[in-house]
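Q: Below are the chains, spelled out letter by letter.
Number of protein chains: 2
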Amino acid sequence: MAEHTVQFDVAPAPVKVPTGTLLVEAARQAGVEITQPCGGQGRCGRCLVRIVEGTARRRSTLRLSAEDVKAGYALACQTVVEGDLVVSVPPQEKIERRLTTDRTAAAISVPAGYDPAVAQTIQRVRLTLTPPSMEDQTDDWSRLKAALRREAGIEEIRASLATIRQIGTTLREGGWQVTATLDTRSWDCPDCPAYLIDLRPGHIPDDTPLWGVAIDIGTTTVTVWLVDLLSGEVRAQVAEYNGQIARGEDVISRIIYASKSEESMAEIRELVLGTINELIETACKRTKSTPADIVKATVAGNSTMIHLLLGIPAESIRLTPFVTAINHVPTLRAWEAGIGIHPEATVDCLPGVASYVGADITAGVLSSGMDDTDKVTLFMDIGTNGETVLGSHEWLVTCACSAGPAFEGAGVMHGMRATRGAIEEVWVNGETFEPTYRVIGGVKPRGLCGSGLISLLAELFLTGVVDKGGHIKLGLDTPRVREGEHGPEYVVAWAEETQTGQDIVISYVDIDNLLRAKAAIYAGFTVLADSVGIPLESVEQVLIGGSFGKYINVEKAIQIGLLPDMPWERFHFLGNTSVRGAYLALLDARSRARVRDIASRMTYIELSADNTFYEAFMSALFLPHTDISRFPTVGAAILKR
Amino acid sequence: MAEHTVQFDVAPAPVKVPTGTLLVEAARQAGVEITQPCGGQGRCGRCLVRIVEGTARRRSTLRLSAEDVKAGYALACQTVVEGDLVVSVPPQEKIERRLTTDRTAAAISVPAGYDPAVAQTIQRVRLTLTPPSMEDQTDDWSRLKAALRREAGIEEIRASLATIRQIGTTLREGGWQVTATLDTRSWDCPDCPAYLIDLRPGHIPDDTPLWGVAIDIGTTTVTVWLVDLLSGEVRAQVAEYNGQIARGEDVISRIIYASKSEESMAEIRELVLGTINELIETACKRTKSTPADIVKATVAGNSTMIHLLLGIPAESIRLTPFVTAINHVPTLRAWEAGIGIHPEATVDCLPGVASYVGADITAGVLSSGMDDTDKVTLFMDIGTNGETVLGSHEWLVTCACSAGPAFEGAGVMHGMRATRGAIEEVWVNGETFEPTYRVIGGVKPRGLCGSGLISLLAELFLTGVVDKGGHIKLGLDTPRVREGEHGPEYVVAWAEETQTGQDIVISYVDIDNLLRAKAAIYAGFTVLADSVGIPLESVEQVLIGGSFGKYINVEKAIQIGLLPDMPWERFHFLGNTSVRGAYLALLDARSRARVRDIASRMTYIELSADNTFYEAFMSALFLPHTDISRFPTVGAAILKR
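Same order as they appear, the protein sequences are chains A and B.
Under my numbering, the first residue of the first sequence carries the number 1, and numbering increases by one thereafter.
Under my numbering, the first residue of the second sequence carries the number 1, and numbering increases by one thereafter.
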């Protein structure tokens, strides 16, 4: 096959690639980063490059005008190399590094009465062996097993060949005194012998921490808690954007990207492993420990995140009839999962329920305690997939509605993630229509995050700038409302106030996306309540998980019809319930058993095949809802206006 | 560190190595083969090279004269690079490739009544799954498990992450019809769930063989039997020299070589894996199968061979108090063992008993059936370590005596292995002292193999050329007896009759080595019989394993005092009992349980700490023995003379 030379202006050297190579692949080989937020589908247009010399075939120009093409612009993910090229790559959007203590995870209290001797499956035991002699020529392995039997009551053990190779040396190095770390109760095989994770020469002092990590892989953010399994204390909490974002902002884009080739699956996998392993190193540095001392990990995350972490093809998740390859992955060793801790460490992924109700939700239910309460409870994780669970200790039903990423700032022109520079709360004056707002970090605004959008929409609705159908009323006596490029728009911040030097606005297109998002979530509640034949009002508590949920203003979320209209005291924000569930399962075998029980008890309702959902969704596409009687306090507020 | 250039005359290009590198290591890097039969100890002198330019430091010149050193000769395993060198490497001894059907393994009959449904732990099941739908969104893994439960009664399964990654694709490729291969009863964890080895799209026809291999790793020869686990038939038998020979001819040399560095351990491991995997490929070619279709392996071999196969340090085997790292290795997967069959195939190593009574002996006992007979039985494997077992279904005692490699042709000037050109049988005329002999392959002789040496020694003794003490009588009326370089010697073949153009002789030094070897083995019998308080004569049958044993002439072995003097019909030659034991354990879970039972029942007697042994050894250092009353038939033959 013919080879061509591709020179990227930002790369030190050109690369040679065969005919038919995609420009993004050539860039990867040249070490040039080109972000692909839509996963390389040619939909988002963010991988724009300019072909300076040579010609290339454009498979799609969806996001390009005729002028763009004429000027040499091309989408790197849709452009095929067919000759020598010189390509100019614009500066790529930097994903801001956070590497900070997760804001949502306050000081975590150890579960009451935590006793590692009862709850913890990892045991560390100090052993003193009888040295071999001409009178006792027992082999090292049997000698070790005998000591475990004698001194720790552990009848049988398993170990990897890698561990067996080291036993003789370790026993002699320690002068026949060693410290063994074992997993005594495997999740997927309770009858299996204990697994020997680690054997070290000498006796490790009792007060040395026994390290474990709870990992939550969010589509956007990865969170790691470093835990001392002896005390149960969380010793470090770190979080960072998921490195996969550069290859797709939502799960669907990532599945599409990963399905392209074995290489792209490997890349997607390495990206998230890179994030996880860097976080683990950071957490270890803070606690003056080393990753190789971590002997256990639990992992929560949505089904796609778990599949991609483990390199399991996820294509069936996005295609009818939407099934996962596996909901509950068997216990793994860290080396096979690729997690940079002790290679023999136990890695337990929490169980999922369906393609769009994953281990993040079962972990959430576990940590919310809703599976153990008499109260009829609604648990929700407001995000792209709007996973919702309704139930109590008696029953659990669940569904996921494709809310889309509007609340994460995508699909909204000036939307952004909830980081520095995002407007997170807005107030609109009912007479002047002038807004005031609060910005994360107290800096000049760059855009609106989810909570800002909810707040803005509620204010615009209650002040009459926006009607029940989401339309912006032109003709109000304010320069803030105007005819924009995409129809009527409301200016939240003038160019001179912003970081970008451009007006921050919200248009009907944006509002329509928000309406669809909130309608999908609310319709989900309706279907769940209908499915068990109870009115939504009988819900006794609403538990909101997810770090996003934490920043929602309940009053305003009710006003737009995102949350059901109930007394505010019924709402509780739980923060990152996913990592907290992983933490509970890390500590306690009973919690681990409970989360499996939760997964098996949850009845999943597939909304895409449900007419009730469609009807409920259509009724909810209004502010706050077609049926205002469902939102009495909002009705009253409108009347007051 | 300073780097030096070493150019070997037989290498295409020089290599650069740091100061202090051994010449053998430099040679390895240059791709130059230098055999090290003593494992690089500087003892055998067979890695002789000549330094043509430059100077090097000789750590040992044990085998070199002052003239040799002056002429530039050096032992590659003892010579340290300290400057640029040009080195001349003489042609290396070629280890003749055999790659033939094992001569000793005749047509193997399948154990009577073999029923794979009862005996075999591997099950192959054809499954038809209900395809997923919007009404049934069960994940692939659970769907597969449900089918196994429903169609094969297999309640729970385990699988590696690598297998789990492929399940979704395989199910869809097969249109929800698949064939699963499982290991239903793990040896080391009978309570563990069945292990999913392989999943293939479609229904594999019932008459397709289900492949397994029985592997015997001898210090000298590796044997592989390819078996159809459904019929139990051995479909191919292949054998080849163990590739490790080039790094040590006996187990001690190999342990020393492997203990030098991680690299030398890796090399020793790869050498035997190379032999095994090549044999498997050959066996597959003969049966038109592929290695990836082999789903189970059993491995027998002495303790050192098993350790080195698996990369487990073996140093403790050769050092007081002579303990192994592990006698019974847990079940492995082929990928971790490095065996080139299905990567997920089950690999069961048979259990050993002690450093010098390994899995080859437990396998031998199993296949000999001595653990299941009323008759007091002596089982022996005549070789370097002379492992011997005495017992019956009631009790088993065992020992190993360091016989040395004399019977394998080493330590004897014109000794050689039993291959083409070896004199395997000799007759000496009692009046003329002229010999006649038989040569393997019917060609001109090159030397004497073990059976030839036994035969020659017996004939020389009975014809009076050699006395009771092993001394050659000078002054006999024959040119065959003469004073040689190392004292008196007997010429077996004149230069003009031989391949080498040199006389083939046996000297007192050679005879002394043979006496020590046979005395050690006979003393072993004595100690075993003493230990249980029975006279050696009460042994009802003598079972001789090992391919070498098969060629021994019983009459002559008794005449030199190697075997006890009993009626010939009590002796039975069983050939390679080790591979046969591996074969039985491969087929039948009951045999597998039996060999473990054998290993645990065998009482090991350490001879190096036993005074009885030393006395018995000294008494046996005569032809046939100090106490001629122990050898009545030999006494009678001498009288007749």
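Hints in this document: simulated from the structure, not taken from any laboratory.
You may find that some hints are simply not true.
Since the list gives no way to pick one copy over another, a pair counts as held whenever it fits inside one copy or between any two copies.
Unchecked claim - Keeping only pairs whose Cα atoms sit at most 20 Å apart, straight-line, the calculated DMTMM-like set for lysine to aspartate or glutamate is:
{"id": "1", "residue 1": "Lys640", "residue 2": "Asp467"}
{"id": "2", "residue 1": "Lys640", "residue 2": "Glu262"}
{"id": "3", "residue 1": "Lys444", "residue 2": "Asp610"}
{"id": "4", "residue 1": "Lys473", "residue 2": "Asp512"}
{"id": "5", "residue 1": "Lys473", "residue 2": "Glu537"}
{"id": "6", "residue 1": "Lys375", "residue 2": "Asp610"}
Since we're looking at a predicted model, the values are computed, not measured.
Q: Between copies, within a copy, both or neither: which fits lysine 444 and aspartate 610 at Cα up to 20 Å?
A: So lysine 444 and aspartate 610 fail the 20 Å test inside a copy (45 Å) and across (90 Å) alike.
Q: With identical chains, the pair lysine 640 and glutamate 262 could be close in the same copy or across copies; at 20 Å between alpha carbons, which is it: within, between, both, or neither?
A: Classified as neither: same-chain Cα gap 61 Å, cross-chain 82 Å, threshold 20 Å.
Q: Given identical chains, is lysine 473 near aspartate 512, meaning Cα to Cα at most 20 Å, within a copy, between copies, both, or neither?
A: This pair counts as within: shortest intra-copy Cα distance 14 Å, inter-copy 114 Å.
Q: My question is about lysine 375 and aspartate 610: at a cut-off of 20 Å on alpha-carbon distance, are they close within one copy, between copies, both, or neither?
A: neither (27 Å within a copy, 78 Å between copies)
Q: With 20 Å as the alpha-carbon cut-off, assign the pair lysine 640 and aspartate 467 to within, between, both or neither.
A: Only inside one copy: lysine 640 and aspartate 467 sit 16 Å apart there, 128 Å across copies, limit 20 Å.
Q: Within, between, both or neither: how does the pair lysine 473, glutamate 537 come out at a Cα-Cα threshold of 20 Å?
A: neither (33 Å within a copy, 115 Å between copies)
Hint compliance for this structure: hints 2, 3, 5 and 6 are broken, all remaining hints hold.
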